[in-house]
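Novice: Note that the sequence shown covers residues 1348 to 1594 in this note's numbering.
For the record, the hints were derived by calculation from the structure and aren't laboratory data. Please note: incorrect hints may appear among the correct ones.
[Claimed, not checked] The calculated label-pair distances, taken between Cβ atoms and stated as ranges, are:
#, residue 1, residue 2, range
1, 1588, 1395, 34 to 44 Å
2, 1388, 1479, 41 to 51 Å
3, 1367, 1561, 20 to 30 Å
4, 1575, 1530, 41 to 51 Å
5, 1580, 1510, 22 to 32 Å
6, 1590, 1535, 39 to 49 Å
7, 1561, 1381, 40 to 50 Å
8, 1559, 1366, 15 to 25 Å
9, 1591, 1367, 43 to 53 Å
10, 1578, 1415, 22 to 32 Å
11, 1559, 1521, 12 to 22 Å
12, 1423, 1510, 36 to 46 Å
Fair warning: this is a prediction, and the values are worked out from it, not measured in the lab. Backbone N, C-alpha and C define an ideal beta-carbon position, used for all residues, glycine too.
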Amino acid sequence: MRVLCLDVGEKRIGVAVSDPLSITAQGVETIFTKGPERDAMRVRELCGQYLTDRVLIGLPRTLDGVEGYQAQRVREFARRLLLFDLKVRFQDERLTTRSATRALIEGHMRREKRKEVVDMLAATLILQTFLDAGGWPEENTEIPRKKVYTMSEGKEFNMEQDDIVELIDEDGKEVSFEHLMTLEHKGNTYVCLAPVEPDDEIGEDELVILRIDTDEDGNDAYVTIDDEEELDDVFEKYLEIAEADED
1348 MRVLCLDVGE KRIGVAVSDP LSITAQGVET IFTKGPERDA MRVRELCGQY LTDRVLIGLP
1408 RTLDGVEGYQ AQRVREFARR LLLFDLKVRF QDERLTTRSA TRALIEGHMR REKRKEVVDM
1468 LAATLILQTF LDAGGWPEEN TEIPRKKVYT MSEGKEFNME QDDIVELIDE DGKEVSFEHL
1528 MTLEHKGNTY VCLAPVEPDD EIGEDELVIL RIDTDEDGND AYVTIDDEEE LDDVFEKYLE
1588 IAEADED
């Protein structure tokens, strides 16, 4: 199946697509942004045109790997695509636009024309890198619903100080997360985490939101969330706090 790739900017969205065998990438178009809702509708139209539900999105990070405001905007746009039942994955895009611009300059393309195609070329480079690294995995990489994590034995999680959290899943496997945020919402406490290393169930670009519940022994248990509305509400609050901190 083809993969559609997006390089999401504030004014333009570059679009590329793979061939049906997911071997090569080619540019499609540049979407000049008209608002997140209309832009998302255009992406859905392109997915229908190319008969795919797979969308790869370049995720901007700083050179030291930190996600800033633009990365959060990209993740928020991705959430709109999920509402269309599209499958979304992220690909690190550090320096991709710069590489695309350099290639166009070396090709002696005029500045005015470069603005029209640089984002599309960036999307093509992002997608080709993704395909060369193995492409879209066929296996299901979603976190299982209602999975329960507990703290590693003998360890306590200080939500104000600890950056790395080591949790134990129901199969006894230890999973390390980076603690991004703890927040309160509608009387519940949630932790927002990012996996330190990707595994078979959790991708490296996934944000993991767990609700802190109490088990039958009175101990804290970190539980994945079934309710999509609850998950969306908590994610919205996470974005709100993250954007405020960025400002």
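Novice: Check the structure against each numbered hint from earlier and tell me which ones fail, lowest number first.
Specialist: 2, 3, 4, 6, 8 and 12
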